[in-house]
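Chains as they are written, first to last, in the working numbering: chain A, 74 to 699; chain B, 2 to 295.
These aren't lab readings, by the way, just hints derived from the structure by calculation.
Heads up, some of the hints might be wrong.
Quick list of the computed label-pair ranges, beta carbon to beta carbon [unchecked claim]: (1) Arg238(B) to Ile92(A): 17 to 25 Å; (2) Ala197(A) to Lys247(B): 56 to 64 Å; (3) Thr102(A) to Gly98(B): 12 to 20 Å.
Because the structure is a prediction, the values reported are computed rather than measured.
Glycine is no exception: its CB is placed at the ideal position from the N, C-alpha and C atoms.
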Amino acid sequence: MSLMYPLCLLALLGVPVVILIYILKRQYTEQTVNSTYIWTLSEKFLKRRNPLSGLTGVISLILQILMIILIVFALVHPLIKLEGRAEEYCFVIDSSGSMNMKDGEDTRFERGKDEIEKIINESAKGSQYTLISMGDSATTVYERTSSKEIALKLLDELKPAYSGSDLQAGASAMQELFNETPSVNNYLITDKIFNLRENVEIINVVKDENNVGITSVNAVCENGEIKINGILNSYKMQNTVTVDVYIDGAPVPQASATVMCPPLKEMPAGMDTPFEIPPIPWKSGTYVSVRAVIREEDALKDDNEVIAYNKENNSQSSIIIVSPSPLFLEVAIDALGDYNVTTVTPAEYELSYEDKSYGLYIFDSYAPTKTPDDGAVWMVNVTSSSSNSGFTYRSSVELEEPTGFERTKSTSSIAKKLLDGVNANGAYLIKYLRYSTYTSYTPLFTTNGVPLIMAGENSYGNRSVVFAFDLHDSNIAMTGDFVNLIGNLLDYSFPSVLDKTSYFVGESAIINTVANSKSIKITSPLGDVKYLDTAQTLNEFVVNEPGTYTISVVSGGTESEYKIYSELGLDERTPTRVEDAFSVYGTPTNDRIDGEFDPLIIIFILIAVIFAADWMVYMYEKRQLR
Amino acid sequence: MSKFTINEELLSEIESLASILKNNVAGMFGGNRQSKSFGSSCEFADYRDYMPGDDINRIDWNAYARFDKLYEKLYYDERQMHTKIYIDASRSMCHGGEEKAEQALKIAACFAYLSVCEMEKVSIYAIHGNELEEIIGGMVGKESFVTYINKLNDVEFFGDSHISEAIIPSSVGRGDGFSIVISDFLTDENYESAIDHLVSKKKDVVCIQVLSQDEINPQLRGKMHLFDSEDASKTYRKKIDNDIVKAYKEALRFVIERIKGYCEARGAYYLLAPASASVTDIFFNRLVDMGVLK
Chain A
74 MSLMYPLCLL ALLGVPVVIL IYILKRQYTE QTVNSTYIWT LSEKFLKRRN PLSGLTGVIS
134 LILQILMIIL IVFALVHPLI KLEGRAEEYC FVIDSSGSMN MKDGEDTRFE RGKDEIEKII
194 NESAKGSQYT LISMGDSATT VYERTSSKEI ALKLLDELKP AYSGSDLQAG ASAMQELFNE
254 TPSVNNYLIT DKIFNLRENV EIINVVKDEN NVGITSVNAV CENGEIKING ILNSYKMQNT
314 VTVDVYIDGA PVPQASATVM CPPLKEMPAG MDTPFEIPPI PWKSGTYVSV RAVIREEDAL
374 KDDNEVIAYN KENNSQSSII IVSPSPLFLE VAIDALGDYN VTTVTPAEYE LSYEDKSYGL
434 YIFDSYAPTK TPDDGAVWMV NVTSSSSNSG FTYRSSVELE EPTGFERTKS TSSIAKKLLD
494 GVNANGAYLI KYLRYSTYTS YTPLFTTNGV PLIMAGENSY GNRSVVFAFD LHDSNIAMTG
554 DFVNLIGNLL DYSFPSVLDK TSYFVGESAI INTVANSKSI KITSPLGDVK YLDTAQTLNE
614 FVVNEPGTYT ISVVSGGTES EYKIYSELGL DERTPTRVED AFSVYGTPTN DRIDGEFDPL
674 IIIFILIAVI FAADWMVYMY EKRQLR
Chain B
2 MSKFTINEEL LSEIESLASI LKNNVAGMFG GNRQSKSFGS SCEFADYRDY MPGDDINRID
62 WNAYARFDKL YEKLYYDERQ MHTKIYIDAS RSMCHGGEEK AEQALKIAAC FAYLSVCEME
122 KVSIYAIHGN ELEEIIGGMV GKESFVTYIN KLNDVEFFGD SHISEAIIPS SVGRGDGFSI
182 VISDFLTDEN YESAIDHLVS KKKDVVCIQV LSQDEINPQL RGKMHLFDSE DASKTYRKKI
242 DNDIVKAYKE ALRFVIERIK GYCEARGAYY LLAPASASVT DIFFNRLVDM GVLK
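With the hints as constraints, model all of the structure from the sequences given.
This is the structure in structure tokens:
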């Protein structure tokens with residue numbers, strides 16, 4: 074037997090106190106009366122008395138002492154060890170998105186929790202419980218707790234995820250526990266069917282759920298109308314499905330499609346059920362979002378709508394070239410598309426353009442005294458240092474003979490992205506400049522180990538590209554790769570916040586950090602908020618909830634909002650999935666652990682009985698003395 | 002400080018009462034009380050043959066005319082009675098409150114007044130131990146009553162009292178009216194001898210038992226160690242509960258019945274006068290009902 078609160082034994086001091094009170098109460102009250110004659114005579118008339126009458130005081134004392142002892146016993150909360158009466162349980166509950174399917178009132182996940190609760194409640198006191206939530210990773214909710222209350226409370230608080238389920242991680246966690254205690258009772262609570270299982274009891278929580286989901290939706294604006302189509306899937310049976318469409322948040326009358334959706338298993342491999350909304354007149358020529366919603370209710374609501382957000386590019390595309398001889402750059406940029414380019418001489422820039430704002434500043438053979446802080450900056454052939462440029466000019470090196478460009482061997486994502494389609498084969502130069510960098514720059518091309526073209530960030534955190542040579546001292550501007558290089562560098566300099574607006578739950582979304590970003594806030598569909606590091610050029614975060622994520626970017630004093638939509642994973646939409654195996658390997662034993670018997674209820678009953686008995690004695694005595 | 006006060010209205014009401022003597026009236030002096038012997042009162046009693054030497058004024062001449070024989074008319078004699086009131090002046094009569102003592106003194110005063118109103122002589126005694134202490138002796142007439150009755154306030158209640166030992170040796174008189182013993186009779190002392198003695202002296206004995214409310218219905222409960230107010234060596238130690246109180250009441254009833262039965266067997270009167278009872282009730286109801294007064 075163990076005592077949970079042994080310090081409470083001090084309350085036994087109440088026993089001597091009660092005895093002291095009893096002794097004090099036993100004292101006879103002395104009193105003088107007119108005559109004791111009748112009192113003495115009354116002895117002869119005293120009939121046979123109830124034997125209890127003379128013992129009420131002692132009985133009351135005994136009962137009160139017993140009650141104090143029992144109360145102290147309850148306070149110290151003894152636990153009586155019952156050898157080999159308890160067992161150890163390990164529950165792995167599938168927390169994947171499919172566990173949110175609902176049949177009637179409860180979801181599969183809730184039914185699974187009910188099953189675990191039932192096993193815990195029926196288990197012997199002292200048993201130990203481990204609960205592992207198996208989502209996209211295995212999370213141990215609690216391990217070997219012997220408190221039913223804690224186990225049930227944490228179980229109650231457990232919520233399902235929307236991602237897939239990492240069966241391997243769940244099995245590994247269970248295996249680890251099994252290796253330590255081969256007698257553990259393993260339970261897997263899931264909606265999947267396993268062809269093979271070993272040392273695990275699988276509790277399947279599947280009911281006859283019917284599910285239809287939208288797989289994708291596309292919208293194209295052309296010729297004054299908007300065309301919307303998408304893909305549906307029915308996972309259980311044939312359904313007639315009606316899809317309603319909302320454009321920019323507003324319902325569009327008559328914009329719906331009703332299609333017969335055969336069950337996926339009856340479709341040819343790789344085939345889906347398409348739906349197409351009749352073309353909708355749309356004069357604005359663009360849209361913000363198109364939302365497609367299945368009108369009918371089914372078991373899983375998380376896949377009943379998809380929102381396609383139009384990829385917006387809010388970056389500034391205005392360019393200023395400050396150069397005494399801008400020909401090469403002008404031609405290359407002009408060849409790449411519709412950029413708003415302003416070309417000025419250094420004198421004109423200092424006179425009239427220094428205070429104007431541009432998305433990209435290209436300084437060729439000219440170094441401003443102060444590096445602009447409101448956009449990306451390219452520095453070409455700069456022979457003096459600008460403040461906050463991230464580098465300083467050191468020297469000029471003239472080569473004895475033309476030397477080729479060496480492509481960087483870096484495998485960094487930025488290098489791969491900027492050198493995509495650029496080799497600079499056959500390009501050479503006869504003179505270059507040496508710089509010292511004090512911010513982060515990635516060399517793209519070098520010669521003799523000296524960076525010739527590098528990309529990175531200046532002291533303002535804005536994207537910066539440095540050409541450590543005069544374009545006129547090289548033939549690179551004449552090569553075909555030059556336009557590709559300038560294109561990649563322009564993409565780098567004018568980053569879109571979003572590369573794409575549609576993801577599946579569990580995927581990593583990429584957020585580009587635009588120039589001058591002060592903060593990037595991500596708000597999940599369920600309202601969780603987190604901030605990304607604006608010092609990083611690229612940020613990634615895992616979308617783990619279905620629905621719309623809102624990305625708020627504060628840049629240059631203004632806040633811009635972008636949205637991406639996260640769809641439930643396709644695997645999670647299938648009501649019944651068959652998996653190969655979920656096994657725990659090893660030879661189980663029948664060892665049992667010591668159980669506990671909590672006599673608290675019995676103690677409380679005894680206290681109540683003794684209290685009642687004491688009360689009856691008290692009332693009897695009171696009646697006798699009335 | 003006075004132990005009792007007499008309500009004048011009560012006294013004037015008491016004047017309307019008259020005591021009834023059962024025994025032969027044998028007072029020495031003439032008075033208001035009609036004797037069984039023949040005397041000189043106005044109330045006709047009987048005839049007897051005339052004998053020489055008889056008062057010729059009492060010859061009934063009408064009877065002579067009718068029967069031709071001289072008959073002497075006899076009249077009842079009237080004697081003055083001597084009411085003796087004995088008050089138990091032990092400590093038990095006043096311990097824990099003077100209600101019993103006050104009641105005893107009130108009853109004694111009222112009896113005394115009733116007697117003086119009937120032109121009888123009244124003596125009041127306090128019993129202390131074996132002694133009788135005369136408080137008022139031979140009081141006659143209302144004026145004397147007014148003069149002396151305050152002496153009752155001087156009665157001290159202390160020690161114990163032995164009724165028989167005090168009364169028997171004293172001069173109790175013979176056939177001359179009431180002997181009233183006022184006590185709580187809560188004793189195993191031999192008070193019966195006193196009653197016997199008084200009855201044998203042809204006194205009309207009235208035993209008045211004065212009990213306090215606490216004695217009739219004790220409120221004591223719990224563990225008690227009781228000491229006798231007259232004799233501290235007499236103690237009673239018990240946890241007093243309902244059973245004990247029930248036994249107490251039975252014992253009290255036994256004591257009351259015992260003295261009552263003893264009195265009735267000897268032609269004496271017995272009256273239980275709770276200290277809480279009003280004197281008016283005692284005199285106008287209980288004593289009248291008992292036939293002591295009318």
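* Would you say the C-beta atoms of Thr102(A) and Gly98(B) sit inside 12 to 20 Å of each other? -> 18 Å, holds
* Measuring from beta carbon to beta carbon, are Ala197(A) and Lys247(B) in 56 to 64 Å? -> 59 Å, holds
* Falls inside 17 to 25 Å, the C-beta gap from Arg238(B) to Ile92(A)? -> With a Cβ separation near 23 Å, Arg238(B) and Ile92(A) satisfy 17 to 25 Å, so the hint holds.
The structure fails none of the hints (numbered hints given earlier).
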